[in-house]
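Let the sequences and hints guide you as you build the complete structure.
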Amino acid sequence: MVVGESKPIEEILSMVADFNKILLTGCKGCVTVCNAGGQKEVGILASALKIARKKEGREIEIDEITLERQCDPEYIDQLEDPIAKNGYDAVVSMACSVGPQYIAKHYEDMLVFPALNTTFIGGSLEHGVWAEFCQACGACGIHNFGALCPIARCAKSLLNGPCGGSAGGKCEISQETDCVWHLIYERMSRLGQLDKMANVVMFKDWTSSRDGGPRKIVREDLKQ
Amino acid sequence: MKAGSNLEKVFAAGHLAVTGELGPPRGADTGHIHEKGKYLIGMVDSVNVTDNQTAVVRMASMAVCRLLLDMGIEPNLQMVCRDRNRLAIQADLLGASGLGIKNVLCLSGDHQKFGDHPQAKNVFDIDSMQLIATVKKMRDEGKLINDHECEGVPPYFIGAAVNPFADPFDFRVTRLAKKIEAGVDFIQTQCIYNMEKFRTYMQQAYDQGLTEKCYIMAGITPLKSVGMARYMQKFVPGLEVTEDHIERLKGVDKKKQGDEGIKIAIEQMQEVKEMKGIAGIHVMAIEWEERVEELVTGAGLLPRPQVA
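Respectively, the protein sequence lines represent chains A and P.
Sequential numbering of the first sequence, starting at 1, is according to the numbering used here.
Sequential numbering of the second sequence, starting at 1001, is according to the numbering used here.
Because the hints were derived from the structure by calculation, they are not lab data.
Mixed in with the good hints, there may be bad ones.
Said to hold, decoys possible - Looking from chain A toward chain P, a few residues come up when the C-beta cut is under 7 Å (computed):
hint, residue
1, Ala17
2, Lys156
3, Ser157
4, Leu158
5, Ser166
6, Ala167
7, Glu172
Unchecked claim - Each pair of labels, with its calculated beta carbon distance range:
hint, chain 1, residue 1, chain 2, residue 2, range
8, P, Gln1119, A, Glu59, 31 to 39 Å
9, A, Thr207, P, Lys1143, 14 to 22 Å
10, P, Arg1199, A, Thr177, 28 to 36 Å
11, P, Lys1038, A, Leu191, 51 to 59 Å
Where a beta carbon is used, it is the ideal one built from N, C-alpha and C, also for glycine.
Below you can see the structure in the form of structure tokens.
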């Protein structure tokens, strides 16, 4: 899933400092799963903003809506009525950054702000802990590395690691970061495939990654 | 001869080669390059010029290499993959060759987290292994990564680094073998302190015939003080400063710790000289160039051979 986390409340407060009435929109997709921007978090953020503004003596009116998804135009359409009727100064989205961009595209005259920092494609390690697993390079080759991704999980995206900074299974950048190449080595060893690690992996073609420009998929079989 | 550099000739003639290291200034002042460089003249066969070492911005390695050539010192251009993509890497390799640089050391590069611009975007388009293959392809096939032919082939003597002290230890010799397969001609090791581990590593490399396939240089860095030793032990990733060194430094008066460090380094050099498969010594006297003469004299490495 796409993992996100809330921006600091101070940053969100400064975004809405000039407004008296906003629409706060959550998303029931990935950001609900990672406890960052679902219905519950929308409620919590709305309360926090109201309390902070009340303290300043400038109350703010906040309506809350949590959409099925914000990365799909059909759900974004559901904001039409409330936006038309309620005269919001701005919309604040708690989806990943796709959400606020969709809202901005659909409601051309509306100011839109992101309440989350979209952080990575990853998964949860335990309750309350998430980690990055994929960098969306567009040409998955993890089967060559014991089904572990060195592009997303090695700090240097090395294809021929581990580098000289691997110590005790940890990456040189932090004791909190596993050396994925150490994990790859252990897994290849378990699978009896260490001989594969003796081969030099040559240049990666990054055209399928972000380096090739913003990406788009067209499925002719689905497109009508 | 692949490049005909002095370093390559020294190896080819069967001598134990000696290289030094020089860190470029954090500014445009070239004065201290000359200052440091003059201590290295006649002491070593060629000098590594670091490339934004520890991810700290310094004068470009290529420029400093050229300044050393002007002083009569043969440089080894260090090149990291952190700061340039394959376009810049190949352009710089062609440019450095155009400036008369013949030795290149292919490195991935320390992560910018450790440096003075931790906010920077890193590149790592290719890694050190692929950088070795890039230089080899340019030199031996006359082709760029994209198979386009070079107009004029850069003759490089290709170097790389290895760290026998990083984990997993059992993979370290395999990684050396990969660098040889990618096309490396000479290797410089990380600073050696754990001699026992290094001996095991070299034995494995020797047993696998790898020491016949490239020239391996043992990396030696003299410890200046207990403080420096502790710092390196704690904060330099992949560096294993063993307690016996620290105990020895502690055993002498604080003012004499530097001298003791030099003494230890000389003993280490004498020890590695006798190891099977060692073809040279890489002396990294960090900000201590003035002591290099003492080090190489003590280790019996002077005079440096004159090779035609």
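Evaluated hints:
A cut of 7 Å between beta carbons decides the hint on Ala17/A: the least distance to chain P is about 26 Å, and the hint is violated. Below 7 Å, beta-carbon pairs count as interface contacts, and Lys156/A has one with chain P at about 5 Å; its hint therefore holds. At about 5 Å, the closest approach between the beta carbon of Ser157/A and any beta carbon in chain P falls short of 7 Å, and the interface hint on this residue holds. At its closest, the beta carbon of Leu158/A sits 5 Å from a beta carbon of chain P; the interface hint therefore holds under the 7 Å criterion.
Of the supplied interface hints, the one on Ser166/A holds, with its beta-carbon coming within about 5 Å of a beta-carbon of chain P, less than 7 Å. Interface hint at Ala167/A: satisfied, since its Cβ lies 6 Å from the closest Cβ of chain P, which is below the 7 Å cut-off. Given hint, Glu172/A at the interface with chain P, holds; its Cβ is 3 Å from that chain's nearest Cβ, closer than 7 Å. Against the hinted window of 31 to 39 Å, the Cβ-Cβ separation of Gln1119/P and Glu59/A comes to about 38 Å, which satisfies the hint.
The hinted range of 14 to 22 Å is satisfied by Thr207/A and Lys1143/P, whose Cβ atoms lie roughly 20 Å apart. Taking 28 to 36 Å as the suggested C-beta distance range, the pair Arg1199/P and Thr177/A conforms, at roughly 31 Å. In this structure, Lys1038/P and Leu191/A meet the distance hint of 51 to 59 Å, their C-beta atoms being roughly 55 Å apart.
When the structure is compared with the earlier hints, a violation turns up for hint 1 alone.
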